Amino acid sequence: MSANSYRQAYLYIDPRTKMLLVLCCGTLFNAQMGMVAEIAVFFVVFTIGLFVHGVKSAAKIFIFYSLAGLLPLILLHSIEGFMTIFFTALSTLVLIFTPAVYALNIITKTTTVSDSVSALRKMHLSDSVVIPIAVFFRFVPTLKEEWQSIRSAMKLRGIGTSFFNVVRRPILNMEYVLIPLMMSTANIAEELAAASMSRGLAKGVNRVPISEVKFRVADYIIIVGFPVMLAILYSLKQKGVIV
Amino acid sequence: MNQTKMKTKDLILAGAFLALYCVVSLGVIMVLGFTPITFLLVPLIVPIVVGPVFSLYLSKVPKSGAILILGIIVTLLSNSTGYIYGIIFGAIATVVAELIAKAGKYKSKQMFSISYMVFSLIYTTPYMMMTLARNAFMEKTAMISGQEFADVLASFVPNWIFYALIVLALIGAAIGSFFGQRVMKKHFEKAGIL
Numbered sequence: 001m002s003a004n005s006y007r008q009a010y011l012y013i014d015p016r017t018k019m020l021l022v023l024c025c026g027t028l029f030n031a032q033m034g035m036v037a038e039i040a041v042f043f044v045v046f047t048i049g050l051f052v053h054g055v056k057s058a059a060k061i062f063i064f065y066s067l068a069g070l071l072p073l074i075l076l077h078s079i080e081g082f083m084t085i086f087f088t089a090l091s092t093l094v095l096i097f098t099p100a101v102y103a104l105n106i107i108t109k110t111t112t113v114s115d116s117v118s119a120l121r122k123m124h125l126s127d128s129v130v131i132p133i134a135v136f137f138r139f140v141p142t143l144k145e146e147w148q149s150i151r152s153a154m155k156l157r158g159i160g161t162s163f164f165n166v167v168r169r170p171i172l173n174m175e176y177v178l179i180p181l182m183m184s185t186a187n188i189a190e191e192l193a194a195a196s197m198s199r200g201l202a203k204g205v206n207r208v209p210i211s212e213v214k215f216r217v218a219d220y221i222i223i224v225g226f227p228v229m230l231a232i233l234y235s236l237k238q239k240g241v242i243v
Numbered sequence: 244m245n246q247t248k249m250k251t252k253d254l255i256l257a258g259a260f261l262a263l264y265c266v267v268s269l270g271v272i273m274v275l276g277f278t279p280i281t282f283l284l285v286p287l288i289v290p291i292v293v294g295p296v297f298s299l300y301l302s303k304v305p306k307s308g309a310i311l312i313l314g315i316i317v318t319l320l321s322n323s324t325g326y327i328y329g330i331i332f333g334a335i336a337t338v339v340a341e342l343i344a345k346a347g348k349y350k351s352k353q354m355f356s357i358s359y360m361v362f363s364l365i366y367t368t369p370y371m372m373m374t375l376a377r378n379a380f381m382e383k384t385a386m387i388s389g390q391e392f393a394d395v396l397a398s399f400v401p402n403w404i405f406y407a408l409i410v411l412a413l414i415g416a417a418i419g420s421f422f423g424q425r426v427m428k429k430h431f432e433k434a435g436i437l
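Residue numbers (the working numbering), protein chains in the order written: chain A, 1 to 243; chain B, 244 to 437.
Read the hints as simulated data drawn from the structure, not as lab findings.
Predicted model, so just to flag it, every value in this text is computed and none were measured.
Note that CB positions come from ideal geometry on N, CA and C, so glycine has one too.
Among the hints, a few may not be true.
Take a look, some chain B residues computed to stay more than 10 Å from chain A by CB distance [stated by the list, open to error]: (1) 257; (2) 332; (3) 342; (4) 346; (5) 351; (6) 374; (7) 392; (8) 401; (9) 406; (10) 432.
Derived DEER-like restraints, expressed as beta-carbon distance ranges [stated by the list, open to error]: (11) 39(A) with 250(B): 43 to 51 Å; (12) 232(A) with 382(B): 22 to 30 Å; (13) 320(B) with 175(A): 23 to 31 Å; (14) 175(A) with 348(B): 37 to 45 Å; (15) 248(B) with 10(A): 41 to 49 Å; (16) 122(A) with 394(B): 46 to 54 Å; (17) 280(B) with 31(A): 27 to 35 Å.
Take these sequences, add in the hints, and give me the full structure.
So, in structure tokens, the structure goes:
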């Protein structure tokens, strides 16, 4: 994996700040924050993502959010019957979960293993916790790539992965997808272990990271500003000022 | 001498399998979560699907602490709504599963099955609130999945649902561990992955 694939767009923020982002987005499905707060949180995460992760992915998530989350809200008055239920459910799901998913996406796409290892070590966690979590974040995009190549291999052999096909033969389809995925996970993990160990990642061994992990101005703004914003929105919602 | 202690390589493998495990089970949960009835089948079906992943993981990393790492993170993820008793219950299930697997020296097939059955109880923890804090649960469900979903769920879910789901999870895990060992035999032992 080249360092280039992790190159930041315009702004570098600390991995710990990114984790705080996910936690803050998590309050949306832990407390009743209301619609205004949901949209506000999305725009904060969207703005951060725009600078940290790049314009392309931010634009993608923005289009998805407005089509699946905001559009049904506007159209809701003109649709009747069963479709109303469906669209309300869809739009609340999108409104609540998109910020958290996008924040997780920022972590997995813009953080190297060594950065997250040094950040987690600065939080004084034990190495038995640090290494699996760092690898976890590194591995999610890899799994997505593997899944795409498995799908194209299945297509080549004429096995459809459509919803109907999966429902008709669940066990067989599961075998077709799961076994290659497990095979490649086992192999890639072995290779990753060899590569990381040759770069000096080891349990209980201190290493000197090339890229320095520390809080900068942007980090402090996010760390202070985001929770304060959530608290204000929550108290406004409790007082009934906003919906 | 220190055969059962986790080394760096095991920790990296654990992280990779953690990712695979979470992605697969989240995928299944997302598909099942669309309707209220299938939503209740999560503790039955998810252990069946992830059974092979779990057994491959345990045969790749037969060290103490392997189940612990997986279990704690899965518990925290599946109780992200912050129900503290659910987290405690999941943590206890994880520790017991770890001890059982350790008693079988991470090799014994019977011990693996029992351990996996205990481990799968984690999937019932999100439903714990249904029995123990029913009103709070329905409020939260209404907030996340809409009032209609919550009404349907409330109309046919009895109060003892949690205990029924425990039984379902045990059945699912038994099938899953059987399935997992079959898969291991059919695909992985032959291919020399182990």
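Results for each hint:
no.	hint	verdict
1	257	5 Å, violated
2	332	19 Å, holds
3	342	17 Å, holds
4	346	21 Å, holds
5	351	22 Å, holds
6	374	20 Å, holds
7	392	6 Å, violated
8	401	24 Å, holds
9	406	26 Å, holds
10	432	13 Å, holds
11	39(A) with 250(B): 43 to 51 Å	47 Å, holds
12	232(A) with 382(B): 22 to 30 Å	23 Å, holds
13	320(B) with 175(A): 23 to 31 Å	26 Å, holds
14	175(A) with 348(B): 37 to 45 Å	29 Å, violated
15	248(B) with 10(A): 41 to 49 Å	44 Å, holds
16	122(A) with 394(B): 46 to 54 Å	48 Å, holds
17	280(B) with 31(A): 27 to 35 Å	28 Å, holds
Hints 1, 7, 14 from the list above are not met by this structure, while the remaining hints are.
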